[in-house]
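Undergrad: Okay, here's what each chain looks like letter by letter:
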Amino acid sequence: MYHAESFTFRTKGRATYEITDTVQRIVRDSGATRGLCTVFVHHTSASLIICENADPGVRKDLERFFARFVPDGDPLFEHVDEGPDDMSAHVRSIVTQSSLSIPIEDGRCMLGTWQGVYLWEHRTAPHSRRITVSIVA
Amino acid sequence: MYHAESFTFRTKGRATYEITDTVQRIVRDSGATRGLCTVFVHHTSASLIICENADPGVRKDLERFFARFVPDGDPLFEHVDEGPDDMSAHVRSIVTQSSLSIPIEDGRCMLGTWQGVYLWEHRTAPHSRRITVSIVA
Amino acid sequence: MYHAESFTFRTKGRATYEITDTVQRIVRDSGATRGLCTVFVHHTSASLIICENADPGVRKDLERFFARFVPDGDPLFEHVDEGPDDMSAHVRSIVTQSSLSIPIEDGRCMLGTWQGVYLWEHRTAPHSRRITVSIVA
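Protein chains in written order, with numbering that gives the first Met the number 0: chain A, 0 to 136; chain B, 0 to 136; chain C, 0 to 136.
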């Protein structure tokens with residue numbers, strides 16, 4: 000059995016946005032009890048992560064870490080067509096993930112207690128991001 | 000055909016632990032000759048990597064590189080509830096992987112000659128880590 | 000349905016090489032209209048990324064960013080058997096991907112408009128790199 004559903008998430012600019020509930024809802028709607036769920040983001044300046052979902056401070060620290068690690072407006076970057084956050088957004092996407100695969104058990108993604116699935120918008124301006132959830136069962 | 004098996008690995012603290020044999024054993028037990036194997040770790044402070052498996056020095060260098068790249072006790076971090084290795088463990092997990100997918104051929108994960116599958120414990124204290132191996136064939 | 004095909008890509012040394020067309024050709028040949036495509040590289044010093052495919056400057060900036068982030072010949076590294084780009088190649092592989100999963104729709108990998116699939120050779124010398132494309136449908 001293969002089931003897939005795409006959705007659009009409108010971000011408000013650079014931040015992490017939890018999409019766990021949407022992913023779990025699509026898995027539930029598929030009717031699959033066991034199988035493999037893959038989440039894919041169709042962009043190169045936004046990415047996916049599995050992150051601690053209890054303390055929002057984790058994602059604030061993560062954002063600060065990445066702001067230092069991949070600085071916007073780095074003089075190294077020549078690809079600046081869309082501004083100082085253009086190339087940094089590509090690098091940030093590449094060192095995180097475009098796809099995540101999670102096992103399904105009892106009709107749900109078998110995430111650990113503290114695992115949430117997040118869309119990470121790397122551009123500073125709001126964007127519409129397309130995500131596809133695929134289920135193989 | 001879908002087959003999945005979970006196991007717990009008790010780490011001795013921050014280090015890389017090879018799990019290739021366990022993954023290959025689960026693939027063999029599934030009876031699948033061809034298909035896709037996905038390994039998933041159910042935590043946000045431990046991760047999975049495919050790494051060179053011949054010289055243990057590679058993983059020592061990797062550990063040293065990450066100790067400098069994501070320093071424990073970085074003053075940038077505010078999420079320090081569980082100590083100086085708490086937030087660094089989350090960042091290290093995010094820049095590596097929570098899931099790995101490997102093709103199966105002839106009843107085995109088709110790893111390259113020098114590829115091993117490793118659980119990377121990012122916390123300094125020992126932890127029990129749950130891992131699921133899923134096979135779609 | 001499961002279909003897999005492996006191919007060898009001869010690189011000319013450190014650079015990113017687009018393999019999107021080969022991946023799409025293998026998906027087309029499989030006859031799958033919907034499903035999941037996984038690309039896997041069988042090495043620990045070359046990796047896979049999904050990157051912006053319009054401006055080659057993006058990949059030049061990416062290369063420069065990584066040259067600074069994971070410097071060849073870093074005095075930190077003791078694993079230098081094969082030269083100053085040996086250990087840096089392993090680290091670069093680990094912070095990017097060994098496998099990528101992409102949903103298939105209408106007989107094609109459903110990549111976003113600006114997404115290309117690239118093999119990233121991290122060694123400075125030319126190498127033959129083996130890649131497997133698996134399709135579950």
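Everything labelled a hint here was simulated from the structure, so no lab data went into it. As the structure is a computational prediction, the values presented were derived from the model and not from experiment. One should not assume that every hint holds.
One copy or two, either will do: identical chains are not told apart, so a pair holds if it fits within one copy or between any two.
The calculated SDA-like cross-link candidates involving lysine to any residue, where the alpha carbons are at most 20 Å apart (straight line), are [said to hold, decoys possible]:
#1 K11 x F68
#2 K59 x A136
#3 K59 x P74
#4 K11 x L75
#5 K11 x A136
#6 K11 x D73
#7 K59 x P70
#8 K59 x V79
#9 K59 x G82
#10 K11 x Y1
#11 K11 x R107
#12 K11 x G106
#13 K59 x E104
#14 K59 x F6
#15 K59 x H78
#16 K59 x T7
#17 K59 x M109
#18 K11 x M109
#19 K11 x P125
#20 K11 x P83
#21 K11 x R33
#22 K59 x A31
Undergrad: Each of the hints needs a verdict: does it hold here or not?
TA: Comparing the hints with the structure gives:
no. : hint       : verdict
1   : K11 x F68  : neither (22 Å within a copy, 29 Å between copies)
2   : K59 x A136 : neither (36 Å within a copy, 39 Å between copies)
3   : K59 x P74  : between (25 Å within a copy, 13 Å between copies)
4   : K11 x L75  : neither (27 Å within a copy, 24 Å between copies)
5   : K11 x A136 : neither (34 Å within a copy, 35 Å between copies)
6   : K11 x D73  : neither (23 Å within a copy, 28 Å between copies)
7   : K59 x P70  : both (16 Å within a copy, 17 Å between copies)
8   : K59 x V79  : between (25 Å within a copy, 12 Å between copies)
9   : K59 x G82  : between (23 Å within a copy, 17 Å between copies)
10  : K11 x Y1   : neither (32 Å within a copy, 39 Å between copies)
11  : K11 x R107 : neither (28 Å within a copy, 31 Å between copies)
12  : K11 x G106 : neither (31 Å within a copy, 33 Å between copies)
13  : K59 x E104 : neither (31 Å within a copy, 36 Å between copies)
14  : K59 x F6   : neither (26 Å within a copy, 32 Å between copies)
15  : K59 x H78  : between (27 Å within a copy, 9 Å between copies)
16  : K59 x T7   : neither (24 Å within a copy, 30 Å between copies)
17  : K59 x M109 : neither (25 Å within a copy, 32 Å between copies)
18  : K11 x M109 : neither (29 Å within a copy, 25 Å between copies)
19  : K11 x P125 : within (4 Å within a copy, 39 Å between copies)
20  : K11 x P83  : within (18 Å within a copy, 32 Å between copies)
21  : K11 x R33  : neither (34 Å within a copy, 32 Å between copies)
22  : K59 x A31  : neither (35 Å within a copy, 42 Å between copies)
This entry does not satisfy hints 1, 2, 4, 5, 6, 10, 11, 12, 13, 14, 16, 17, 18, 21 and 22, going by the numbered hints stated previously.
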